[in-house]
Amino acid sequence: MKPRAQSRSRPAFVVTVAILASLAGTTTSAADRRVDEQGSSVADFNKRVTAYVELTKRATQGLPRLTRTDVPSEITTREGQLGAAIRVARASARPGDVLTSGVARVFRQVIKDDFRHRPRHGQKVMRDEVPHFHPKVNQTYPGEWPLATFPATLLAKLPELPDGLEYRLLSEALILRDVSANIIVDFILDVF
Amino acid sequence: MESVKRLSRRFLVALALAAGGWLTVTADQQLTLPLKADSVRFGVIGDNGTGEVPQYEVGQQLATFHERFPFTFVLMMGDNLYGPQRPQDFVKKFETPYQLLLEAKVDFYASLGNHDDPNQRFYAPFNMAGKRYYSFKKGNVRFFALDSNYMDPAQLAWLEPELKNSGSDWKIAYFHHPLYSSGMHGSQVDLRVVLEPLFLKYGVDVVFSGHEHFYQRIKPQKGINYFVTGAAGELRRGDIRPSPLTAAGYDADRSFMLVEVAGKELSFQAISRTGKTVDHGTILLREAARTTTTAGAPGAAPPLPH
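Those protein sequences? They're chains A and B, same order as listed. Start counting the first sequence at 0; every next residue gets the next number (numbering that gives the first Met the number 0). Start counting the second sequence at 0; every next residue gets the next number (numbering that gives the first Met the number 0).
Note that these hints are calculated values from the structure, not bench results. Hints may be right or wrong, so weigh each one.
What the hints assert, rightly or not - To give an idea of the chain B side of the interface with chain A (calculated C-beta under 8 angstroms), a few residues:
1. Pro86
2. Asn113
3. His114
4. Tyr122
5. Gly129
6. His176
To be verified - Calculated pairs, DSS-like style, for lysine-lysine (alpha carbon to alpha carbon, straight line, at most 25 angstroms):
7. Lys156(A) <-> Lys130(B)
8. Lys221(B) <-> Lys263(B)
9. Lys263(B) <-> Lys163(B)
10. Lys137(B) <-> Lys163(B)
11. Lys56(A) <-> Lys130(B)
12. Lys263(B) <-> Lys35(B)
13. Lys218(B) <-> Lys200(B)
14. Lys200(B) <-> Lys137(B)
15. Lys156(A) <-> Lys200(B)
As the list claims (entries may be wrong) - Partial list, derived from the structure: chain A residues whose beta carbon lies under 8 angstroms from chain B:
16. Ile74
17. Thr75
18. Glu78
19. Leu146
20. Thr148
21. Phe149
22. Pro150
23. Ala151
24. Val178
Virtual Cβ for every residue (Gly too), placed ideally from N, Cα, C.
Bound conformation, chain A alone:
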């Protein structure tokens, strides 16, 4: 995780969490406690993301990088090699390893709240061309599905990710996707 990214994402996230807590009608101390818990979950998530990045660096060391090429097969081959190496290195990975149950609760609340407050057209756009498949950890993102556009204003409410990782929405899930390797790192169900 880049320090720059962390420092930019945390304040917005704390504000979001505080608003959610107050909306829930909890007492001040309970709200404070919830903010602390949610802040800890996010901090833990950032650590797990950093660990994933480090693991993939080690796992793909020595493999040719994706670089500018006239030959399309070089792109697909390298993407496949990166994915295969990461799958081997994370052979025991399970759902929740990166997106833990703690941070999943926070993300679900942020996404549901964002969706609920959108006008009807905004909700339609958010679910426009969203893929309908059940994700699996280490799965190659299926080429027959588009990558659903992630709403810019929702993106600003989630912790910023390092280069090479991105959030994407499926019909019922949020996935964490490794862009270069085109694999699903982890996912959260029931986000709408």
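Assemble chain B onto chain A, guided by the hints.
Same frame as chain A, but now just chain B:
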């Protein structure tokens, strides 16, 4: 070996066009652009990468117009490759349909659509330099290719100084999702919330997008001219809904655009798959004039009812 490949691609183009009963050059193929000396000339295509006959026909039409309007590059609005993105798909959905332009050393500058694998950014003929978003300058125009699929804070942080320090007369942004449109998907308000303030603050003049499978010229919004041009491969016939946004529209066939920037004037021509001009006009640089002057063409689609 390379010449064999070229010949086989020519054969594929011919086969595809023959299968589609493609037309020969007709009187419809009129050029309305001024062809001024030292102007910046380019094409615009969007939602093109189907690999099907209509895409090839548009590619052929682009090549035909290129002979009379020698543009040097083409902007791509995304959905460059629909469906699988195997090596053969780059050939079938890009290299073959635009082979004549590629042979004429026309450069393509791609942006990413929601059907594109972001790793397309490494494909050299897309000129993305390995980046999801980038900018480049041609003459007195700075182009900003954005990734509207994933407008994260990092991209916005990059865009603001790029716009501020662009050092160009004209600022043209392009990306997949339209901030304004009257089609099935509709205006991308979420994206507009984050982009429009920057466009206004730093004086973006023109915005091109795709995603909607038709051609639509939007009435200037807060002084910015918006074009939706997402029908160079896909088509959603009859999808432009009556809207006060529309200055002109065409959703009866595939289409593409040709654009010429000369000094403080930008001239545009929207052309159908069969070579018919469906819209054309001239825009003045925002600093030069606050108004847009546009002339309708014979046979052009009239503004749709509001």
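Now for the hints, and whether the structure bears them out:
no. : hint                    : result
1   : Pro86                   : holds, 4 angstroms
2   : Asn113                  : holds, 5 angstroms
3   : His114                  : holds, 5 angstroms
4   : Tyr122                  : holds, 6 angstroms
5   : Gly129                  : holds, 6 angstroms
6   : His176                  : holds, 6 angstroms
7   : Lys156(A) <-> Lys130(B) : holds, 24 angstroms
8   : Lys221(B) <-> Lys263(B) : holds, 19 angstroms
9   : Lys263(B) <-> Lys163(B) : holds, 19 angstroms
10  : Lys137(B) <-> Lys163(B) : holds, 17 angstroms
11  : Lys56(A) <-> Lys130(B)  : holds, 20 angstroms
12  : Lys263(B) <-> Lys35(B)  : holds, 12 angstroms
13  : Lys218(B) <-> Lys200(B) : holds, 19 angstroms
14  : Lys200(B) <-> Lys137(B) : holds, 22 angstroms
15  : Lys156(A) <-> Lys200(B) : holds, 24 angstroms
16  : Ile74                   : holds, 5 angstroms
17  : Thr75                   : holds, 6 angstroms
18  : Glu78                   : holds, 6 angstroms
19  : Leu146                  : holds, 6 angstroms
20  : Thr148                  : holds, 5 angstroms
21  : Phe149                  : holds, 5 angstroms
22  : Pro150                  : holds, 5 angstroms
23  : Ala151                  : holds, 4 angstroms
24  : Val178                  : holds, 5 angstroms
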